[in-house]
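Keeping their order, the protein sequence lines are chains A and B. Numbers given in this note's numbering equal positions in the first sequence, counted from 1, plus 5. Numbers given in this note's numbering equal positions in the second sequence, counted from 1, plus 492.
Hint data in this document are derived by calculation from the structure and do not stem from the laboratory. Note that the Cβ used here is the ideal one computed from N, Cα and C, for glycine as well. Some clues are possibly wrong.
Here are a few chain B residues that sit away from chain A, every Cβ distance over 12 Å (derived from the structure) [what the hints assert, rightly or not]:
| hint | residue |
| --- | --- |
| 1 | V571 |
| 2 | G662 |
| 3 | R680 |
| 4 | Q732 |
| 5 | A748 |
| 6 | A902 |
| 7 | D917 |
| 8 | G928 |
| 9 | P929 |
| 10 | L940 |
| 11 | E952 |
| 12 | D957 |
| 13 | L1008 |
| 14 | T1022 |
| 15 | G1105 |
| 16 | G1149 |
Residues from chain A that face chain B, not an exhaustive set, calculated with beta carbons under 8 Å [claimed, not checked]:
| hint | residue |
| --- | --- |
| 17 | Q60 |
| 18 | A199 |
| 19 | L203 |
| 20 | H206 |
| 21 | G207 |
| 22 | D247 |
| 23 | I248 |
| 24 | Q250 |
| 25 | A251 |
| 26 | D254 |
| 27 | L255 |
| 28 | H257 |
| 29 | S258 |
| 30 | V259 |
| 31 | M260 |
| 32 | G261 |
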Amino acid sequence: MVYYRPIGQETALFETAASHKLPVLLKGPTGCGKTRFVRFMAQRLNRPLITVACQEDLSAADITGRFVLEKGSTIWRDGPLTRAVRQGAICYLDEVVEARADVLTVLHPLSDDRRILPLERLGEELTCPDDFLLVISYNPGYQSVVRELKESTRQRFVSISFHYPPPEVEAEIVAREAGCDADLAKTLVELGHATRRLRSHGLREGASTRLLIYAATLTVSGLPLKTACQATIVDSLTDDSDILQALRDLIHSVMG
Amino acid sequence: MPAPTWPPDPKEAFKLTAREYGVDPADLGMDPDDDQQAEQAILAAFLFKNPGRQLTTGEKVGLGLDETRRSMAAWLAMVTGRRFPIAPSDPAATDGNVIFLPQALPPPLEHTDSLLFRAMALLQAGFLQHGVLNSQAVLRSIYDDWVLRSCFHLLAARYVVGRWSAAYPGIARDFRATAILDKAAIMRVNLTVVPTQGMPAAFKPLYKGLLAGENWREAGPEAAAAQRAVAAVDAITRQQAAIPVILGQARRLREAYRRMHLGPPPAPYFTGILRPEWMLALRAHDQAAEDAWKQGPTPLRQLRAAVATQGHSGGLSRKGPRGGLGLRQFIKKKVRRTLQGPGEPGELARSPAYGELRDQYRSRQHSPSPGSWTPEASWQELVDIPPAAGHEDGVPYDEWDPSSGTYRLAACRVLDRPAQAGPADSYHRLVQANRGPITQVRRAFQALRQEERWLHGRPEGSDIDIDRVIASFCDVHSGMEPDRNIYMSFQREREQVAILVMVDLSGSTVGRVIHLEQEALVILAEGLRTLGFPHAFYGFHNHGPRACQMERIKGFDEQYGEPVFKRMGNLQPGGATRLGAFIRHGAHLLSQQPQSRRIMLVLSDGRPEDRDGYRGRQGIEDSAMAVHEAQRLGVHIHCTSLDPSTGAPEYLGRIFGRGRFLVLPDVDPLPRKLPQVLRGLIR
Ligand SMILES: Nc1ncnc2c1ncn2[C@@H]1O[C@H](COP(=O)(O)OP(=O)(O)O)[C@@H](O)[C@H]1O
Ligand SMILES: [Mg+2]
Chain A
6 MVYYRPIGQE TALFETAASH KLPVLLKGPT GCGKTRFVRF MAQRLNRPLI
56 TVACQEDLSA ADITGRFVLE KGSTIWRDGP LTRAVRQGAI CYLDEVVEAR
106 ADVLTVLHPL SDDRRILPLE RLGEELTCPD DFLLVISYNP GYQSVVRELK
156 ESTRQRFVSI SFHYPPPEVE AEIVAREAGC DADLAKTLVE LGHATRRLRS
206 HGLREGASTR LLIYAATLTV SGLPLKTACQ ATIVDSLTDD SDILQALRDL
256 IHSVMG
Chain B
493 MPAPTWPPDP KEAFKLTARE YGVDPADLGM DPDDDQQAEQ AILAAFLFKN
543 PGRQLTTGEK VGLGLDETRR SMAAWLAMVT GRRFPIAPSD PAATDGNVIF
593 LPQALPPPLE HTDSLLFRAM ALLQAGFLQH GVLNSQAVLR SIYDDWVLRS
643 CFHLLAARYV VGRWSAAYPG IARDFRATAI LDKAAIMRVN LTVVPTQGMP
693 AAFKPLYKGL LAGENWREAG PEAAAAQRAV AAVDAITRQQ AAIPVILGQA
743 RRLREAYRRM HLGPPPAPYF TGILRPEWML ALRAHDQAAE DAWKQGPTPL
793 RQLRAAVATQ GHSGGLSRKG PRGGLGLRQF IKKKVRRTLQ GPGEPGELAR
843 SPAYGELRDQ YRSRQHSPSP GSWTPEASWQ ELVDIPPAAG HEDGVPYDEW
893 DPSSGTYRLA ACRVLDRPAQ AGPADSYHRL VQANRGPITQ VRRAFQALRQ
943 EERWLHGRPE GSDIDIDRVI ASFCDVHSGM EPDRNIYMSF QREREQVAIL
993 VMVDLSGSTV GRVIHLEQEA LVILAEGLRT LGFPHAFYGF HNHGPRACQM
1043 ERIKGFDEQY GEPVFKRMGN LQPGGATRLG AFIRHGAHLL SQQPQSRRIM
1093 LVLSDGRPED RDGYRGRQGI EDSAMAVHEA QRLGVHIHCT SLDPSTGAPE
1143 YLGRIFGRGR FLVLPDVDPL PRKLPQVLRG LIR
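Excised from the complex, chain A in its bound form (with noise of 0.2 Å):
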């Protein structure tokens, strides 16, 4: 059973969203629950779920497949997207602005209301079933501008905004995932919501849920507690020198 803290109306809009087979857009900064969320809701509506990582040299070929030499012939593999569409999955596309444009150009007929894949090089095109969901990730602080999300994608989703949870929520699920004691994880949310005050002031983000739980399971496996937080809080964040003596200095405020 996968664990996820609904924050607020993220569960019912989803639900409605898969409904309606709308594509859906989770907005958010890195690490606030977007992919647990996915998971969570796969279960839920119980559908399979394909997670595609996008990265910068993810291409259109990588998500729909590709002739693959094999034993002296030449055979088509589906890629992930392909395959997520004729099983009727969840395809789900982390950070899908970190891909090349193609990628986005193979995702316009299947999110508006054709739904459906064409596959050139093999020369079909694939019809959608009713549980086939689009969703994608995009966080919008990080990218460049040059990385931005097209208007013409972002109209075509449903989308649901990602914030860092409220502080008491937050420790709870830190307490939750590390399986620490409320105290420490109170603490720890506490350094994550200083840092996410310099978002965009010498960091580009803040301290994420997932490395507040990080540092929180290094501690609870026994290493001191700065150490600790140096390691995930500290050294994660950012190369620049004085920044990070900045973090250092909150670190021994925050803790004592």
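Dock chain B with the ligands against the given chain A, drawing on the hints supplied.
Using the frame of chain A, we list chain B with the ligands on its own:
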């Protein structure tokens, strides 16, 4: 010379201080036997002489601010949740927005130096964050009385240290660690270092918990007042209680010290100094507060409540003022009776409680010293704003970098030099061509000079200023110290206003715009000549950060004549618009003028823009910061912009503030409009 000991009484203190500053007490013409006069004399000696005993002169000795500034700003933002610009000045202080820290800590360099910097920054941030300096009334009362200010400062510092320590265990430890540092415990009265040895017992309990070492646990009868004050501050649990308790205790303490003939308790180095005058000088702040009083529903509610309770105890019905009297009339009557008694107007000013206050106003207003104690003077002395004279390669100015939240030191240079002269007939032709408008402007400006008006918020006057009374009423009711400047007086001749008109000469103005700017300037100049207020005209444009040119068309001290005409008739456009630098220099020029009202009118046609990335957010935020600095120098800025783009109101609002700019998308009416704008500003 024997080791200095704590002066036992103010007479001694006065003599000692006077000697230190090389002043003969007799020259000051004050009687050192009168403790109040002695106190003022010391104050005068401290403030009007060059501070010869500053701990740092800006040269690097201990850890320098620049090395830690960026990381400290980031840390401070994370801890306080608010972004404070950090700028150099010694002692540490704040103006309500920027946090000032010494350029360098006293020698020697120690590994605890960064701890000390952090403690200083946090304390100043805390004065703002924990709300102890956010009341106008508090600022005014501590501005007026330096002993009260010192008492308030120490109690407030104590309160802030307590707040931060409660919020963050690590910070609690840091403050405990700071307490044992030698540098933290350097004691100063304003800028002068004083010995800890021999300090009166009456002061000692104030430092308990703030500083280690020494025996601060004084138990004698003299120490009782300070002990009580400290205990009261330590017992504060709610932020709303902070101001009334701290100010109330500071007042008691001040009275106790007066009875004991003691001056101000010195402040430890790390607590910096309070600069109410800087905060008061922030006009924007002033304005906002005033508007809130007048418009916001809260003050009205408070007022009603005040009237209800006052009315009740004063025998009026709970429902409010009786007999159909309007609220204003009711208050007017009530205040006349309670504050003033049935006597003649102005009696309040003569009552003993207010006498002291008034005397201090007097001594400040009538001070013959050229460097009298004004916010600007202290600013000039203490902050590294560069001097104006003798800079062949330009005056360096810092620039604000919004992405790092810090100042870039000496990032640009402004060259102040006469504009190029051309043929004189250009000016005279423009005068000929604009006879009609010039006559109109002259008439309007002349009327301006004689305009009679009521001056509001005066310490004395012929009538009660009802708006101020209402505000004070609310202050009293919410437990704050009321503002006592509640009189109005009538004035026939307007006070002089210093005016600086600055014209954009960047490349984009070529053609019609420069032509109209020139015409507008000529009309304005003819009008200002009749008005007779001190004024100057400058043009500005630049070629990169090192060559920001302020072209002097007419200087403040210059008379009208052929040289001025030749320059004004021949404006030469070209280059970029590094607006922040020009505003800073303009503000600097204005701050040299003796008038207390100073107006800068900026005429521009587009966004701040230069090469090297001075555009977009950088240009706008730096210019906005420059405007903010200028306001701190008491300069009121208005911008008339000819930028037709739709984004103009937005960035202009960000830079100059709401209601401080005018956009003329159509340039033609400029020559007519500009004098109107200026007229509106002077009124
Ligand atoms: N609402 C939540 N409920 C449960 N766990 C959460 C929640 N939000 C964040 N998490 C935790 O944070 C981690 C990172 O979340 P993830 O979904 O991977 O982030 P994202 O996909 O937004 O980058 C998850 O592994 C999970 O442990
Ligand atoms: Mg993810």
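Query raised in the report: Once the shortest beta carbon distance from G207/A to chain B is found, is it less than 8 Å?
Result: 5 Å, holds
Requested in this report: So, Q250/A near chain B? Judge it on the closest CB pair being under 8 Å.
Outcome: Holds: closest Cβ of chain B sits about 4 Å from Q250/A, inside 8 Å.
Requested in this report: Test the statement that A748/B is away from the interface with chain A: the closest C-beta pair must be farther apart than 12 Å.
Outcome: 36 Å, holds
Query raised in the report: Does L203/A pass the interface check with chain B, least Cβ-Cβ distance below 8 Å?
Result: 6 Å, holds
Report task. Please settle this one: V571/B was flagged as non-interface, so is its CB more than 12 Å from every CB on chain A? Result -> 6 Å, violated
Query raised in the report: Against chain B, is V259/A within 8 Å by beta-carbon distance?
Result: 6 Å, holds
Report task. Test the statement that G1149/B is away from the interface with chain A: the closest C-beta pair must be farther apart than 12 Å. Result -> 22 Å, holds
Query raised in the report: Is the Cβ of E952/B farther than 12 Å from every Cβ of chain A?
Result: Label holds. Min Cβ-Cβ 48 Å, cutoff 12 Å.
**Report entry** Interface hint compliance - I248/A to chain B, C-beta minimum distance less than 8 Å
**Finding:** Where the cut-off is 8 Å and the nearest Cβ of chain B is about 5 Å from I248/A, the hint holds.
**Report entry** Given hint S258/A near chain B, where the shortest CB pair must fall under 8 Å
**Finding:** 4 Å, holds
Report task. Grab the minimum beta-carbon distance between Q732/B and chain A and tell me whether it stays above 12 Å. Result -> 24 Å, holds
Requested in this report: Say whether it holds or is violated: T1022/B keeps its Cβ farther than 12 Å from all Cβ of chain A.
Outcome: 51 Å, holds
Hint compliance for this structure: hints 1, 2 and 17 are broken, all remaining hints hold.
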